[in-house]
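Keeping their order, the protein sequence lines are chains E and B. Here the first sequence is numbered in the working numbering, starting from 1 and rising by one per residue. Here the second sequence is numbered in the working numbering, starting from 1001 and rising by one per residue.
Keep in mind that a hint or two might mislead.
Label-pair restraints from in silico Cβ distances [claimed, not checked]:
no., chain 1, residue 1, chain 2, residue 2, range
1, E, K350, B, M1288, 44 to 52 Å
2, E, N97, B, Q1323, 31 to 39 Å
3, B, Q1323, E, K141, 51 to 59 Å
4, E, M113, B, V1317, 19 to 27 Å
5, B, R1147, E, Q78, 31 to 39 Å
6, B, Q1149, E, I116, 28 to 36 Å
7, B, R1147, E, N97, 16 to 24 Å
8, B, Q1340, E, G15, 26 to 34 Å
9, E, T497, B, Q1149, 33 to 41 Å
10, B, R1147, E, A397, 19 to 27 Å
11, E, D61, B, M1288, 35 to 43 Å
FYI, nobody ran anything at the bench for these hints, they're computed from the structure. On a predicted model such as this, the values are computed, not experimentally measured, just so you know. Ideal Cβ positions, reconstructed from N, Cα and C, are used throughout, including at glycine.
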Amino acid sequence: MSESDQNILAMEGIGKAFPGVQALDDVSVTLRKGEILCLVGENGAGKSTLMKILTGVDQPDSGRIIFDGKEIHPKSPQHAQSLGISTVYQEVNLCTNLTVAENILLGREPHKMGRIDWTKTNALAAETLQRLLGVDIDVTKPLSSYTVAIQQMVAIARALYIASAKVLILDEPTSSLDENETGQLFKVMRKLKSEGVGIIFITHFMGQIYEISDRITVLRNGKLVGTYETASITRVSLISKMIGRSLVEFDEMTKIKLESGKHIKSEALLQAKGFGLTGSIQPLDLDLHAGEVVGLAGLLGSGRTETASILFGVEKADSGSIFVNGKEVHEHSPLNSIKQGIALCPEDRKAAGIVDDLTVRENIVLAIQANKGWFKYLSLPEQYEIAEKYIELLSIATPSADQPVKNLSGGNQQKVILARWLATNPQVLILDEPTRGIDVGTKAEIQRLVLSLAEEGKACVFISSELEEVLRTSHRIVVLRERQKVAEFTGEVDENTIIHAIAGSEA
Amino acid sequence: MKNNMKKSFTWRNITESRLFFPLVALSLILLFDFIFIPGFFTIENREGNLHGSLIDIFRNGSTVMLLAIGMTLVIATGGVDLSVGATMAIAASVAGILMNPSALKNEVFFVTDPTYTFQPLWVVILSALLVAILCGFWNGILVAYMRIQPMVATLILMISGRGIAQLITNGLRVQITYKPYSFIGQGWIVLPFSLYLVAFVFALTWLLTRKTAIGMFIESVGTNFRSSFFSGIDEKKIKLLVYTFCGFCAGIAGLVASSNIKTSDANNIGLTTELDAILAVVIGGTAMSGGRFSLLASMVGALVMQAITQSMYAIGVPAFALQAIKAVVVILVILLYSEQVRSFVRSIGASKKGVKS
């Protein structure tokens, strides 16, 4: 049997562009019958776009999909499902108030004399669960009475029953499951695998990748890094493929960085001591100095964003204390942080950054105005002056300052948020994934900007999923793993040292 | 709108203005009146005061206009206030009992002296407004600080408010005969006095929202409260403010309504007006999900609601059928807001005038 015969699915040369960003560039993935393939990559790597194309949510710009020997063009998730490609999402898309049986057979219940035959429905549902997944539960109870793991299995059962899926996509199904529940789910996955179903499993838990998968496909920045047999790749080299770079280059950025590194002041602008929040981030110490860029490195879910949140006061820390200019801060909230000269560009631009109906001008002045309060209103000419200044300074591409910010591309929206914070003239600037989902040119621009801000005497925290970027821009690097600060490196460090710190002791 | 003035008036600019669709709706209704109701546009001059059907639309619409001002701000934050009708009744009861406290002694006492009042007018008005503001403040606390869904939170006062109003008046309808109080709803200075009240509250609100940062914060909170929070905006305070202000508007509307009917009738004052006010705001183009708002467009929306009522009465539609007819007209107006219908209208304009889109 040739290799192509074993493949149930092949996506070849898939490309997809969104305004301002190439989300996927010539990506090819294959899935064999009875195989569990892990799809890994950091935020913005292109995992979700690839799956959206496979399930018909988005249409590719280029490339083709071969499924079961035939080329297919999925037009919608329903269409993909009818072809035999089913997806189970992280959040369960079922009606939790209906019974398990109803959920599995909704719309396909057996009828008797024009009415639903409930005896048969329940028996069929129970039999389906037992046969397909080996799960034995009372199907007449409402779905909500079961754990999320069971609910996910019901979702899988529904997917398999309705379409007799040959390919099953599990999109971060384990992120809300505990260890025991994950074990249950893995048992089901192995059973399906033995029956020849091809499974694409998306997760960011390293342990699970190695426990369950046969092969691993790594994406980075919309490009395919490679596909590897799980048994033949070590954790460290997998992580370096996810976040690392292949070539060490002494470029212009490094020069700028070395130059700006000479201006770092010794006294701390912001000092966190034993600062932490239960269930979010373990207590950590962190000093930020004027003129310095501190990079936070770690994998998705390692506590990078959580650290940023408690430093800015979005989440209130429940241990330790924080000092700004040597004075302890008690009422820690975003507004108070702005008053103290701390700014945060949040990770989730759409949900926590832009206010999409408001204009570019309003978005830029929002934080200064919040600091000034309700009644010290910036006059319109003042607002235009501030807005125009930053549109020019950051070269924000917009027809006018009165454009609703939702009409701008992702990179320009990001610049608008940066402008919002720069306008408050902060001492400490926390940037959480400031370059996510934006094009390469703008990325370099933002990196240079961060260094020049440090040179002006600000302290910056730079968070990114791309280690390369963190290395390029940071004078000091703090490594987080499993919601804990595990290491801190000052000066020139090589990538491998950091990757080892990120991967942890098992490496 | 300021910017639209600077740009040339293309068809697209006009159709995209917030006032366009509410004004079209109002014009259509008035056109209907012009054709089918003789004398609808006649305005008489009686002893220097202007009277006529058109003036009546404004006068009778003043309570809904007052409510719509407060409701616009609440809806712009992504909330809704169902309790404004009940708040009107509470304010009316407070005002009534302070002018004619006989109900407290459990006796229905008809004061016939038009100069008699238990408390001076300013005490009456201030107390009624203060109680209404407290009602709004209560809603604001529930929504902003207790995080109860606006519809549920304000439903509490909507249901209990009329009970509270009855408790205040001891379960009786209080007659209001005090002449100066009647002036609020029935007085005339060339135009009906209630219109000056609307103009005052409108101007106050406009200044409060557009000459301070409050308007921008309201729109920001309504569009994306998380981003607003990250930007340092205290969204709780903003919400508390708008609900409290909405209570204040309802209080004034309660004074106008009770002055109009010369009683504080806890069961009927402001009944279902909360829905008229919400519809007025929706017709004015403010999305129920919050965000951008236009006070002026809401005023036009309130006039649309009142014009429908008035026209139906004028052509002899019986009161019981009115609600059904209103519903049909409202559906038509709301249809004008659907993106499909709008782009259709735009495409007509574009093809006729040859304007590039």
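Pairwise beta carbon distance, M113(E) to V1317(B), judged against the given window 19 to 27 Å: Violated: the Cβ-Cβ distance is about 48 Å, outside 19 to 27 Å.
Is the hinted range of 35 to 43 Å satisfied by the C-beta distance from D61(E) to M1288(B)? 37 Å, holds
Just tell me: holds or violated, for the beta carbon distance of R1147(B) and N97(E) against 16 to 24 Å? 23 Å, holds
Go ahead and decide if the range 31 to 39 Å is satisfied by the Cβ distance of N97(E) to Q1323(B). 34 Å, holds
19 to 27 Å as the expected CB spacing between A397(E) and R1147(B), which holds or is violated: The hint (19 to 27 Å, Cβ to Cβ) is violated, given that R1147(B) and A397(E) are roughly 39 Å apart.
CB of Q1323(B) to CB of K141(E), is that within 51 to 59 Å? 44 Å, violated
Starting from the range 31 to 39 Å, see whether the pair R1147(B) and Q78(E) falls in it by beta-carbon distance. 36 Å, holds
With 33 to 41 Å as the target window, see if T497(E) and Q1149(B) comply at their CB atoms. Since T497(E) and Q1149(B) have Cβ atoms about 51 Å apart, the given range 33 to 41 Å is violated.
Mind checking the hinted window 26 to 34 Å against the Cβ distance between Q1340(B) and G15(E)? Given about 32 Å between the Cβ atoms, the range holds.
Within 28 to 36 Å: is that where the Cβ-Cβ distance between Q1149(B) and I116(E) falls? With a Cβ separation near 34 Å, Q1149(B) and I116(E) satisfy 28 to 36 Å, so the hint holds.
For the range 44 to 52 Å, tell me whether the beta carbons of K350(E) and M1288(B) fit it or not. 21 Å, violated
Taken one by one, the earlier hints fail for this structure at numbers 1, 3, 4, 9, 10, listed in ascending order.
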